[in-house]
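Using the sequences and the hints given, assemble the complete structure.
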Amino acid sequence: MGRRKLQRRDKDAKTNGQDSAEEMARHTGTFGSKLLPTVLYMVAACSAIPITDLLDRASQRSDQLHSLSTTLTQDLDSHLPLTVRLTLPRPSVCHTASLQTPNDKEQALQVPESDLLSLARSLLQAWEDPLVFLSTSANFLPHPAQNAISNKIQELRDHSKSLGDGLNILSGKMGPGARTISMLPYTGGNDVGQDTISQLINLNFLLSCFRRDSHKIDSFLKILRCRATGLPQMC
Amino acid sequence: MGVGARPGVTNSPRMRRGFGVALLFLLLLLSAESNSTSPPGKPVLLGCRSPDKETFTCWWEPGTDGGLPTTHRLHYERERLEGTHECPDYRSAGRNSCFFDKEHTSIWVDYFLTVTACNALGNASSEPYKMDVMEIVKPDALDNVTLLVEKSDDSPLLHIRWEPPSNTDIKSGWVTVKYELRVRQDTGNKWAEYTSGTQTHFSLYSIVPGSVYTVQVRCRLDHGSWSEWSNSTCVEIPNYHHKEAGFWLMVSILSAIPFITAVSILVVKRKSVKQWVLPPVPGPKIRDIDAQLLNRGGSEAVDNVLLVMHSFHSIRACKEPMEEYLIVTENDEDPPSSLQKRNKSFLILAGFNLDHEKLYSEDTTESQRERETDDERTAETDRSAVDGAVEPFTNSSYVDVQRHVEAAQARDEEPVDYSKLKEVNGEHLLISKTENVSLGSSGYVAVKLQGHLEEDYSRVQEVDGDNVVTLQTQTAAVDALGRAKGNHYAVCPLQKTGKAIMCADLVQSGYVDTTRFVHI
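Residue numbers (my numbering), protein chains in the order written: chain A, 1 to 235; chain B, 1 to 520.
Just to be clear, a hint being listed does not mean it is correct.
Listed next, with one range per pair, are the computed distances between beta-carbon atoms [claimed, not checked]:
1. GLN74(A) <-> SER92(B): 43 to 49 angstroms
2. LEU46(B) <-> GLY175(A): 46 to 52 angstroms
3. GLN74(A) <-> GLN199(B): 24 to 30 angstroms
4. THR146(B) <-> ASP158(A): 41 to 47 angstroms
5. GLN74(A) <-> PRO88(B): 26 to 32 angstroms
The hints are simulated quantities; they were obtained by calculation from the structure and are not laboratory data. All residues carry an ideal CB built from backbone N, CA and C; glycine is no exception.
And the structure:
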């Protein structure tokens with residue numbers, strides 16, 4: 001599955017669009033003949049949306065994503081004892097740590113726009129699988145607010161998916177650099193831990209990694225939005 | 001073995017013990033004199049804060065200093081950075097703090113901080129503190145909140161403006177600031193909270209003039225912690241109603257003056273107003289009859305009137321069975337029909353022109369005929385009575401007797417009685433008994449009252465024996481057209497005993513003329 005994704009992502013954005021159109025045509029079945037022209041029309045219409053508008057929507061979506069992840073980590077943290085929380089060494093580094101991202105404002109402002117978008121897309125794509133793992137393990141979470149957490153993780157997945165789709169469309173408009181994605185496979189495995197504390201610790205760690213990455217995506221997109229539009233209200 | 005002990009050589013245990021005790025004693029003395037010193041206590045890292053996502057500051061709480069001058073040092077390790085580093089700036093943020101400037105601040109990496117306290121006697125290190133700049137973002141409180149009251153037609157508005165936090169970089173999009181404000185009306189502890197998003201202004205509608213509003217604003221960067229509330233800014237909404245009230249007061253006063261004058265005029269002239277608004281109900285009126293004229297004039301007047309009355313032939317009003325008159329002729333020409341109609345001989349003459357007309361039209365031919373005869377008793381006399389002249393009475397001194405309906409029920413078959421009018425003396429009608437009178441029962445005499453026709457009835461003034469009854473009319477006013485209560489007739493049933501009884505009124509609210517019958 002990873003390979004397939006790799007190949008797909010290496011293609012042009014146009015083929016991406018065609019693929020999605022073909023997929024849609026397949027899905028619609030008997031209506032395909034009628035729907036295909038309308039779908040193509042819609043795709044064409046989508047590309048007619050100005051880039052500032054697309055960026056605005058994308059940053060709003062990423063803002064929601066980051067907000068969700070923040071509340072989720074706070075919910076999970078509240079159940080951990082304070083001492084454990086503060087002094088806990090990281091079990092390991094986040095699986096996305098290998099990606100070189102700017103770490104302060106000056107560095108971030110020097111990155112070209114297409115690279116910023118590429119970084120955002122890479123990060124987002126890297127969390128596709130771990131979120132699946134999170135949602136399955138959240139069903140057995142020994143936590144009082146387990147139901148709410150499970151719902152929020154599902155929401156995270158939905159938001160992440162739609163943001164990814166939007167960024168894919170954006171990437172077609174921002175130059176060749178935007179279309180490259182670095183692969184960051186998730187190597188954490190499917191083992192959450194045996195006892196409650198270790199389960200909570202592992203999940204907490206995973207969510208904090210996600211929170212960090214969602215903040216990166218949000219910041220990059222907001223810089224992009226400010227730079228692309230040049231309007232003060234967009235900054 | 002000589003017991004000789006050499007001086008200075010102490011190798012007995014007792015001596016050693018004594019020496020130890022003395023040393024201990026000395027140490028105790030020394031420690032009692034000076035303060036106790038010890039290695040420093042363990043410091044505690046309180047927390048860190050970044051106001052702008054570009055720099056941050058950490059604070060710690062020192063432990064006991066152990067009585068000796070103690071220094072505190074902060075060391076940190078950082079993700080993606082090798083080695084242990086020391087705090088770059090101990091001073092900028094005050095005592096027991098460490099300030100990390102832009103070069104030393106990185107975001108999205110973990111810092112591991114440790115504070116160590118040293119004094120002459122030892123060290124003490126705090127627990128390691130893990131943090132990421134992303135988690136500690138909290139902006140400074142806002143300080144420049146301005147309030148502006150805008151006067152609008154319907155209600156005033158309150159415009160609130162503020163500046164973004166001074167040390168944040170919004171222009172590049174590095175941070176996104178969101179604002180929240182809360183407003184309190186007058187005193188009390190109920191705050192209304194509003195979200196302003198990324199705008200630096202806010203408008204409050206529906207504010208109450210005369211109240212004092214207190215406003216506070218706070219902000220946060222990205223999804224970090226909220227800042228502290230800004231200092232309260234107050235404003236009092238001026239009361240615009242003063243001006244308006246003055247204006248309306250003037251208007252109301254000016255419009256009240258004519259109103260008051262109109263009311264006073266109405267009060268003064270209330271009688272005429274009442275007349276105009278509620279005109280008096282006109283009394284009964286006989287058309288073309290001028291009572292005065294008839295009173296004064298001679299036969300010409302009567303003729304004129306009669307001519308006029310002729311013109312009413314065609315008008316045949318609704319047949320009121322009440323107006324059937326008993327016509328008795330000498331020849332008994334048509335008694336049966338008349339007799340049959342007797343039971344409805346209720347007579348109300350005055351006030352109904354119709355009555356008179358019908359009366360007139362119905363019986364005109366007969367009455368003309370019967371007029372000649374002296375002994376004839378016709379309705380004509382009644383008619384002539386209707387005419388209102390005194391003279392006709394002198395012509396035929398007979399007054400026909402009408403049957404009163406109320407009495408008619410009992411006395412359906414009473415013969416008609418007549419009485420001769422002896423004299424009319426002004427207001428008084430003197431009736432004398434005639435020879436022919438056969439008073440089988442109570443008969444009735446139609447008596448016309450002249451002159452004052454206002455009253456509804458006239459009183460029997462004097463009964464002179466069995467034969468003579470003097471009627472007195474009360475003063476009756478006559479309208480110009482004789483429209484007055486018309487010919488007043490009063491019905492006065494008399495008993496056979498001949499006592500005069502107070503006439504029963506047929507009065508009906510001034511219209512009625514009462515037909516009076518005096519039994520003689």
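Each hint, compared with the structure:
For GLN74(A) paired with SER92(B), a C-beta distance near 31 angstroms fails the hint of 43 to 49 angstroms. Checked against the hint of 46 to 52 angstroms, the C-beta distance between LEU46(B) and GLY175(A) comes to roughly 47 angstroms, which is consistent with it. Checking the proposed 24 to 30 angstroms range against GLN74(A) and GLN199(B) shows it holds: the Cβ atoms sit about 27 angstroms from each other. The beta-carbon spacing between THR146(B) and ASP158(A), approximately 42 angstroms, falls within the hinted interval of 41 to 47 angstroms.
Against the hinted window of 26 to 32 angstroms, the Cβ-Cβ separation of GLN74(A) and PRO88(B) comes to about 31 angstroms, which satisfies the hint.
Of the numbered hints stated above, the single one contradicted by the structure is hint 1.
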